[in-house]
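Q: If you want the building blocks of each chain, they are given just below.
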Amino acid sequence: MNSLRFMLRTIRGLMARPGPALSLLYLTVVVLAAALAEVLPIDPFSQDFVMMLEGPSAAHWFGADELGRDILARVIYGARTSLVTAAGAVAIAGAIGIPMGLVAGFFGGWRDAVLMRIVDVMMALPAILFAMALIAVFGRSQGAALLAVGLTGVPGFARIVRAQVLTLRRRDFVVAVEAFGGTSGYNMFRTILPNSWSQILVQVVVLSSVAILLEAALAFLGVGVPPPTPSWGEMLRTGKSYLYEAPYYAVLPGIALTLTILSFDTIGRGLARILENPRDVAAAGGPT
Amino acid sequence: MTDPVLSVRDLKVDFLTGTRKRVSVVRGVDFEVYPNEILCIVGESGSGKSVTALAATGLLPENAEVRGSVRLNGTEVIGADTETLLRMRGREVGFVFQDPSTTLNPVVQVGKQMTEGQVWNGLLARRDAHARAVELLREVEVANPEVRASQYPHQFSGGMRQRAVIGMAMAGKPSLIIADEPTTALDVTVQAQVLDLLARRKQETGAPIILITHDLGVVAETADRVAVMYGGRIVETGPVDEIFRAPRHPYTAALLKSIPRLNTTDRRLDPIPGQPVTPANLPPGCPFEPRCRVGNGRPLCQSEEPPLKDTGAATLSACHYWDEIPPDDLPARPRPQATTTPEEQAPLLEIRDLKVHFQIRRGILQRVAAHVRAVDGVSLKLFPGETVSLVGESGCGKTTTGRTVMGLIPATGGDILFDGKSMRGLSFGGMRRTRRNLQYVFQDPFSSLNPVKTVEDIVAEPLHIHGIYDEVGGAKYIAELFDMVGLSPQMFGRFPNEFSGGQKQRVGIARALALKPRLLILDEPVAALDVSIQAQVLNLLDDLQRELGLTYLFIAHNLSVVRHISDRVAVMYLGRIVEEGTRDAIYDSPSHPYTQSLLSAAPIPDPVAGRRRKRIMLQGEVPDPSNPPKGCAFSPRCFRASERCHSEKPPFVHAPGSPTGVACFHAGPLDGAAPETEIPIKMEAGR
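Chains as they are written, first to last, in this note's numbering: chain A, 1 to 288; chain B, 1 to 687.
Hints are computed from structural coordinates only; laboratory data are not their basis. Predicted model only: the values in this text are computed from it and were never measured. Be aware that one or more of the hints could be misleading.
To be verified - Under 7 Å between C-beta atoms, here's a sample of chain B residues computed to sit facing chain A: (1) Arg435; (2) Ile465; (3) Arg518.
To be verified - In silico SDA-like links for lysine to any residue, alpha-carbon gap of 20 Å or less: (4) B/Lys516 with A/Arg12; (5) B/Lys453 with A/Gly181; (6) B/Lys453 with A/Val30; (7) B/Lys21 with A/Leu201; (8) B/Lys112 with B/Gly172; (9) B/Lys453 with A/Ser198; (10) B/Lys453 with A/Ser184; (11) B/Lys12 with B/Arg87; (12) B/Lys453 with A/Thr10; (13) B/Lys453 with A/Leu221; (14) B/Lys421 with A/Gly181; (15) B/Lys453 with A/Arg169; (16) B/Lys453 with A/Glu178.
All C-beta atoms, glycine included, are put in the ideal place defined by N, C-alpha and C.
Use the sequences and the hints to build the structure in full.
A: Following this line, the structure appears as structure tokens:
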């Protein structure tokens with residue numbers, strides 16, 4: 001009940017600002033389109049050779065690609081690839097990074113030293129290079145891309161959570177749980193973690209945008225999801241080859257990608273401001 | 001009559017929050033300050049006392065709307081341009097804020113900070129600044145001012161920082177000093193020094209002081225005149241003696257009755273019911289009406305806010321029925337000390353020579369550079385059903401002792417026995433079983449409750465952890481606990497931030513009681529609460545102890561509270577117990593010089609008795625526990641210290657015939673045969 005209230009309050013806070021409100025609206029449309037793609041009268045795979053690289057028409061509102069596939073349909077299905085990668089990456093990064101941060105911050109000492117050096121090493125590796133190496137090992141697949149992007153997100157979570165644990169660890173309500181016999185595990189997952197959701201939420205949003213961008217970059221380099229699965233990065237990559245014949249080809253996927261990243265970032269910034277200053281939520285609607 | 005230095009007329013301050021909301025924090029305040037006097041503004045949180053002072057000098061944030069008139073030396077402050085205000089703050093008003101550790105800029109030398117305002121205002125040449133800073137530090141009695149002036153704030157102790165801030169406030173030879181809770185962050189012996197310094201500086205300069213405080217003891221010790229604020233208005237004002245002798249506003253009267261006393265026989269506290277009003281939800285009519293016994297629901301009180309009226313005795317009171325206030329009849333119902341001879345019983349908790357040392361590691365290799373002996377050989381017995389208090393100033397190790405008993409900090413040496421069984425070296429499971437018998441109540445109710453849980457879940461949490469929630473009766477049992485601490489089970493679904501401080505502390509107590517413990521460790525349970533709420537919580541603790549047969553280990557620095565609640569008292573200094581005995585023995589015939597100084601430094605809320613009382617003004621502050629003095633830790637500040645004290649640690653002995661056990665070579669009554677000495681002591685009568 002509390003988390004529901006918290007979510008509602010947060011969403012209300014976001015809706016009170018024009019930037020985040022628009023972003024939220026846009027993302028809702030993208031998510032809905034990706035989720036309901038099958039219901040829509042579109043098909044990203046059927047090839048219409050007559051319309052190859054043709055411009056917008058009644059049949060293909062945003063034109064067709066080099067194989068005569070509907071670009072709009074492929075952008076909508078591409079959203080699914082992006083969002084699945086984002087969600088999967090966040091899940092992997094969170095599942096590894098959050099416990100890492102909790103343990104490192106809670107116990108300190110050698111555990112902290114070991115875990116945080118691992119994080120440092122992960123931070124030192126360029127994300128794209130790391131992902132490409134992983135894909136080289138596992139081969140091109142949605143799973144490999146997802147894992148690669150997810151692993152690069154681990155340090156972010158681990159550091160955010162650890163910092164949060166360090167500020168909460170000595171607070172009286174954590175010591176209190178210890179005083180009536182709560183175990184360290186209980187304290188980490190039932191006391192400290194619920195008090196860290198807002199920071200984690202911001203990180204989720206930030207990582208989502210990073211993940212989508214990284215997925216697009218991998219696809220653009222030709223090592224992302226294997227064809228014929230539609231992907232914005234892949235479309236940009238092919239569109240680039242037909243810049244002269246079909247300049248409109250890359251426009252729609254480019255816009256979709258840009259707006260998605262922009263929306264995530266705007267929401268992330270909005271969230272950070274709301275959560276670090278809870279009164280903003282209360283006074284939602286007022287100038288800040 | 002001389003002209004007032006500051007004259008405030010019908011001051012009103014509204015804060016604008018969000019777009020629509022307007023909160024009236026100060027609602028029509030009038031007062032004057034004349035040369036050479038100390039005006040104390042006293043009130044609880046939310047009474048508007050600090051905002052009044054800030055408004056008087058134009059220091060409020062931009063979302064504050066200030067109306068009325070404030071004249072400082074004849075110049076109107078409200079609506080004055082920035083330049084006038086700046087000049088005024090530099091030359092005419094000096095400020096002393098509550099927390100000296102945040103008032104000073106940590107990266108600027110203290111001496112430079114003290115004079116930079118003057119230099120900036122062109123009142124002091126830059127090349128003379130250092131000399132002036134040294135002079136100022138000397139005036140506020142900081143030892144070795146030449147060296148100190150070039151040091152940084154972290155090299156100063158808390159008391160010295162506050163002295164520097166006072167020096168800074170006086171640098172421009174202002175015609176008015178405003179001190180906002182100047183001693184709240186300080187220990188009681190240091191508080192006495194700082195208040196004394198303020199009073200003497202006032203004598204020398206003639207500049208009046210507005211002292212804002214919540215502590216009636218401080219008011220009684222320092223004030224010439226008092227203004228009591230409640231709900232954004234002055235409800236009573238007059239000369240200090242008159243206010244304390246015969247309060248003519250029900251709030252003042254109730255406040256004086258609700259505080260525990262250091263110097264009177266113990267009695268049950270008479271708390272003010274309810275919560276202090278907040279500016280956001282003022283009742284119609286008199287703001288104090290919902291809590292008032294004199295008004296008692298009379299229609300006039302509920303509909304009309306009384307103006308400040310002359311009562312004919314030099315005081316003004318904002319009460320319709322001020323003449324109906326009953327005279328202060330201290331009910332002579334002493335709370336009996338536990339009378340059982342303790343030796344016959346087995347102790348419930350026994351602390352034997354407990355030592356807790358912390359290591360300070362330095363350098364890349366993290367070598368142990370020093371030990372902080374936070375607790376250094378504490379022995380104490382608690383018998384079933386009694387309250388034993390650990391008293392001392394900050395850093396004396398009282399909280400560490402409590403937490404170590406609770407098993408939250410590992411002991412370095414010694415033993416802790418609960419019910420005859422050692423708690424050291426217990427397995428996790430064994431520790432967990434023992435812990436059900438002892439519980440901890442934290443000082444700060446604002447940080448000891450998990451903000452994301454409902455209060456029901458918070459109280460039930462220990463039961464869930466021990467897996468006995470259903471066994472003890474589930475939600476019904478939680479409702480009983482709520483009832484027991486005076487909360488309604490209707491509050492179950494609320495979150496801690498919806499509660500006031502006193503209510504939160506009740507939740508904390510209910511949680512501590514959930515496992516049906518036999519011993520409660522109470523770590524300053526009322527220190528963070530408003531004065532009128534403290535009495536409610538103290539009475540609750542009193543009742544619970546009687547009903548449930550609880551044993552309390554009460555940790556506190558407030559000597560009046562300790563006297564009220566304890567059966568026995570142990571005074572700690574720098575990790576050791578220096579004196580221990582029954583409550584009345586400690587308070588009536590202390591024999592350790594530290595206990596004597598502590599008792600004489602504690603301000604008492606009675607101006608007449610306060611002036612009669614002889615005071616021991618201790619010099620210096622509590623030493624650094626990582627580098628304690630050789631011999632007796634108290635010897636550098638002690639007025640009886642001899643050669644032997646500086647080289648040899650006095651053992652803790654319970655001399656036959658002596659009412660208390662003492663760790664001192666020169667223990668004895670204050671005015672008795674104890675060797676009086678020439679070492680730093682300054683006896684003076686009151687102020």
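Q: Hint by hint, say whether it matches the structure.
A: Each hint tested on the structure:
no.	hint	in the structure
1	Arg435	5 Å, holds
2	Ile465	5 Å, holds
3	Arg518	14 Å, violated
4	B/Lys516 with A/Arg12	43 Å, violated
5	B/Lys453 with A/Gly181	18 Å, holds
6	B/Lys453 with A/Val30	35 Å, violated
7	B/Lys21 with A/Leu201	30 Å, violated
8	B/Lys112 with B/Gly172	14 Å, holds
9	B/Lys453 with A/Ser198	15 Å, holds
10	B/Lys453 with A/Ser184	18 Å, holds
11	B/Lys12 with B/Arg87	24 Å, violated
12	B/Lys453 with A/Thr10	18 Å, holds
13	B/Lys453 with A/Leu221	48 Å, violated
14	B/Lys421 with A/Gly181	18 Å, holds
15	B/Lys453 with A/Arg169	17 Å, holds
16	B/Lys453 with A/Glu178	16 Å, holds
Hint violations for this structure: numbers 3, 4, 6, 7, 11, 13, all remaining hints satisfied.
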